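There are 2 protein chains.
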Amino acid sequence: MTGNDLGALYAARERFTSLLGAGAVLADGVIFDEFRDPFEGPEAQSHRAALVIQPETVDQVQAALAVANELKVHLWTSSMGRNYGYGGSAPVKNGAIVLNLRRMNRILEINAQQGYALIEPGVSFHQLYQALRDEKIPLMMSVPDLGWGSIIGNALEHGYGYNILGDHSSALCGLETVLADGTLLRTGQGAIPNSPLWSCHRRGFGPSLDDLFKQSNFGVVTKAGLWLMPQPEVKAVGTILCQQEHDIVPLIEAMRPLLQEGILQGIPMIVGTPVGDDVANIGQGRFTVANLRTVLRPGRWNVRFGFYGRADMVSQRQSILQKAIHAVLPNAEIELRTYAGDAGPDEVEPRDYISAGIPNQVLLDRLRSVFGETFGHMDVSPVIPFTGEAALRLDQAMREIAGRHGVLGPVGMLCNPRSMVAACMLMFDASDPDQVKAARNAARDLYAQARDWGCAPYRSHVALVDEVAETFSFNDDALGRMYSKIKNAIDPVGILSPGNHGIWPDRSI
Amino acid sequence: MTGNDLGALYAARERFTSLLGAGAVLADGVIFDEFRDPFEGPEAQSHRAALVIQPETVDQVQAALAVANELKVHLWTSSMGRNYGYGGSAPVKNGAIVLNLRRMNRILEINAQQGYALIEPGVSFHQLYQALRDEKIPLMMSVPDLGWGSIIGNALEHGYGYNILGDHSSALCGLETVLADGTLLRTGQGAIPNSPLWSCHRRGFGPSLDDLFKQSNFGVVTKAGLWLMPQPEVKAVGTILCQQEHDIVPLIEAMRPLLQEGILQGIPMIVGTPVGDDVANIGQGRFTVANLRTVLRPGRWNVRFGFYGRADMVSQRQSILQKAIHAVLPNAEIELRTYAGDAGPDEVEPRDYISAGIPNQVLLDRLRSVFGETFGHMDVSPVIPFTGEAALRLDQAMREIAGRHGVLGPVGMLCNPRSMVAACMLMFDASDPDQVKAARNAARDLYAQARDWGCAPYRSHVALVDEVAETFSFNDDALGRMYSKIKNAIDPVGILSPGNHGIWPDRSI
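For the protein sequence lines, the chains are A and B, in the order given. The numbers in the working numbering rise by one with no breaks, and the one at position 282 of the first sequence is 282. The numbers in the working numbering rise by one with no breaks, and the one at position 149 of the second sequence is 1149.
Looking at chain A on its own, in the form it has when it is part of the complex (with noise of 0.2 Å):
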């Protein structure tokens, strides 16, 4: 179905209103509009939705998948659609009906003596910290930059967050899919009718599938198990700061052995912060690298980092770290501020609310409060090796791609043991179009930069997916053939989210 088929989508509409209820089917009007990409430039037009339905149940979602199947019609997964760096709810494919849903939001358990929560799709990292807290249970998340966010949406991304178990993809432990063709399905133990142990151990007998469900568009993941950590003792949570650009190259030499040997834990992530007089006025309007400086921290490179656990074990970390820089970077400061393990947000300062655990939306409001409301951003996020080669050298192409388009561009880097997942932002005005553009052929420029190293990044804006996805072309696209094998084997017409992460049936309707 494309936007232009009138006929399908006044049919759709009224079965989806006569199925779900009129409230739960937008087709225009101010909750309509969250649902495109916030941040839409001159190709939007590309990636807009037909309607937006909300189901309520899992019965409500495996009877709209039997009306898309009946109706030839497309329907595009959203959790919460809060990722807006990359397109918020917009489909790859035009006219979709995006399947939203937000209101899919029960805590179904917690479980403190195991260490989870089992959740629908459409709780949020604020929801799901509000319970705990409400409840006083002695669990710890960790939580992404922005937390109006679904946990599982952003889980399913392959998303990140800072504390441990902050790679919330692996946090996830079983899943239920409502597959395309509406067979419900339970991975792992959950396959087991009685299991106690769905949401406690990762694999069943035969392979394990969590895997196949993220970053795909093979099933619409109905609920999904959490691993969340015990509340620890104190968490002492704070920065390193570095002021010399070549710093980057002993900075991640010191922490990646501390990293592998779990002695850093957690994701801490860096960020570089352009510095000298000479760029200060780069940029145009209120986007300038001066008013940029103003959100970030003073260094030219920041680490953001957090210890977690028993006090006397945080201090020993605390001073295997300082031996550790000072020995190869003297004269960085590092800043570590210690709070109980369940401070709130009340007693924690707002800076150290991600490191803490604690959701927020601090960033964005620092962002529009500089930048205004048209502040608008597109996250760029190549995967890097784990040295301070790799690390300068993103730093200087996008230092050069984001002046060259006349974008800001900060460079982030979140560190895994053995690699780094750039996060960087580019930064517009989204109420012109021309810089909305400029952000899209920089990320272009970097996507291209970054595959000359053999390199893709982990996620992308759904304008760029299939761009991003021919990277990955190994033996004649061996991957993306097995892909769409699968694909054609469970939904041979692409009625569930066809084209993400260039994923294509053989044909489609």
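One thing to keep in mind: the hints can contain errors.
Below 27 Å or equal to it, Euclidean Cα-Cα: the simulated DSS-like pairs (lysine-lysine) are [to be verified]:
no.	chain 1	residue 1	chain 2	residue 2
1	A	LYS323	B	LYS1136
2	B	LYS1323	A	LYS136
3	A	LYS93	A	LYS485
4	B	LYS1072	A	LYS485
5	B	LYS1485	B	LYS1072
6	B	LYS1485	A	LYS72
7	A	LYS93	B	LYS1485
8	A	LYS437	A	LYS93
9	A	LYS72	A	LYS485
10	A	LYS72	A	LYS93
11	B	LYS1485	A	LYS485
By construction, these hints were calculated from the structure, which means they are not laboratory data. Because the structure is a prediction, the values reported are computed rather than measured.
Starting from the known structure of chain A, arrange chain B on it as the hints suggest.
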């Protein structure tokens, strides 16, 4: 093809011989016999290989698959084929040709800086350990109970070791596989032709397929990245011994938070030893409880565990553990022996080899010395909740069932933070067909009992895979139907390992 289809078999033998050389095709003899179920009983004629072929390169694997497709014969993949407790290399489908990968035994890369090795499936734990020692590379391995097996084979079967990264399946990063049609596929970052991150970063763009090739018959894994830990400053390994049957309940209640919190590292193993004069004579021939006790440690419950890292942090972990255990079990004995991180087999006591990351054959040597050269074992391994009640229930069921069938059945439990994987061994005289049969029946009975608890084994003997797979029956076998859809899509007639973990295509040659 069945074992009786002699025409096809002769044709296959001729073709594989001309393809691989006479030395790489076995139809009988001592080496051929290594690929039978080593403890085969009366049912074993149902799981016999017709031939064994041993390619040495990826090209040869692809060529062998071309021949198999042409002649319509089944290839049953085995790496080293040393998982004797689950049937060794014996195929589910009688008369299959074993595609054994022992000769693909190259260590392609060891990267000390990033902490990984890239290996082929014929590389054993012994071989990689020797290479690390020979090249003085400061990386530590996790090893399973016996060191002669394939690292990749063990990980693909969801096997466990006991150190950090002891969940071997999760320690793999990036696979190369040959699909049934001969297509060479690289997963994750490896699908980028010039990737520097294949063995460093778990995912690419789109769903990660690594787990799809574990416990499955969807491809022949020909290379894999394996994450290794930095060699710690010290390794402190030892045992907790408790003497009372019901000690298991407070023991597990004390251990669970320590594991979830990360104070206990790796995968501690609890072994239950039958105690009391009244049970000493239970068993038959050499297979008595009294003899069994000479192999096991002396507590009613024995926890094998290890701490790894900086000496001062290891001391703190030790003191936290002691306090937590003695608070609930004042009479528990805690032994700990501390070795340098690089201590090898000459410096470490043999009973500590496994926890110290030194591959060995100690367990099998001791079992054979006590029970004789015809010692046979069948491993039964339900995944159970991480609670004292579940442990006690398993132990009681195992004693009752093993006793009823006249075999020995000590209980082991590997402790993950949110589940336990039982590693129980049914022990018997493999030269006595009645005992072999009794062991299989005991395994069946234990699995039936576990099914009542909502539990199932994490892997199984080839003779029992279909029964186990049936346990995962949620929604009219939705999971099994999904497996079959994938199998149909990539291997419609079941050339590759049909029946592996209960996965069959809809039609089969």
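The hints, checked one at a time:
1. A:LYS323 / B:LYS1136: Given pair A:LYS323, B:LYS1136 holds - Cα atoms ~26 Å apart, limit 27 Å.
2. B:LYS1323 / A:LYS136: holds, 26 Å
3. A:LYS93 / A:LYS485: Roughly 20 Å separates the two Cα atoms, so the pair holds.
4. B:LYS1072 / A:LYS485: holds, 22 Å
5. B:LYS1485 / B:LYS1072: The hint holds at about 20 Å.
6. B:LYS1485 / A:LYS72: holds, 22 Å
7. A:LYS93 / B:LYS1485: holds, 26 Å
8. A:LYS437 / A:LYS93: holds, 19 Å
9. A:LYS72 / A:LYS485: Distance ~20 Å between A:LYS72 and A:LYS485 Cα, so the pair holds.
10. A:LYS72 / A:LYS93: The given pair, whose Cα atoms are some 14 Å apart, holds under the 27 Å limit.
11. B:LYS1485 / A:LYS485: holds, 10 Å
The structure fails none of the hints (numbered hints given earlier).
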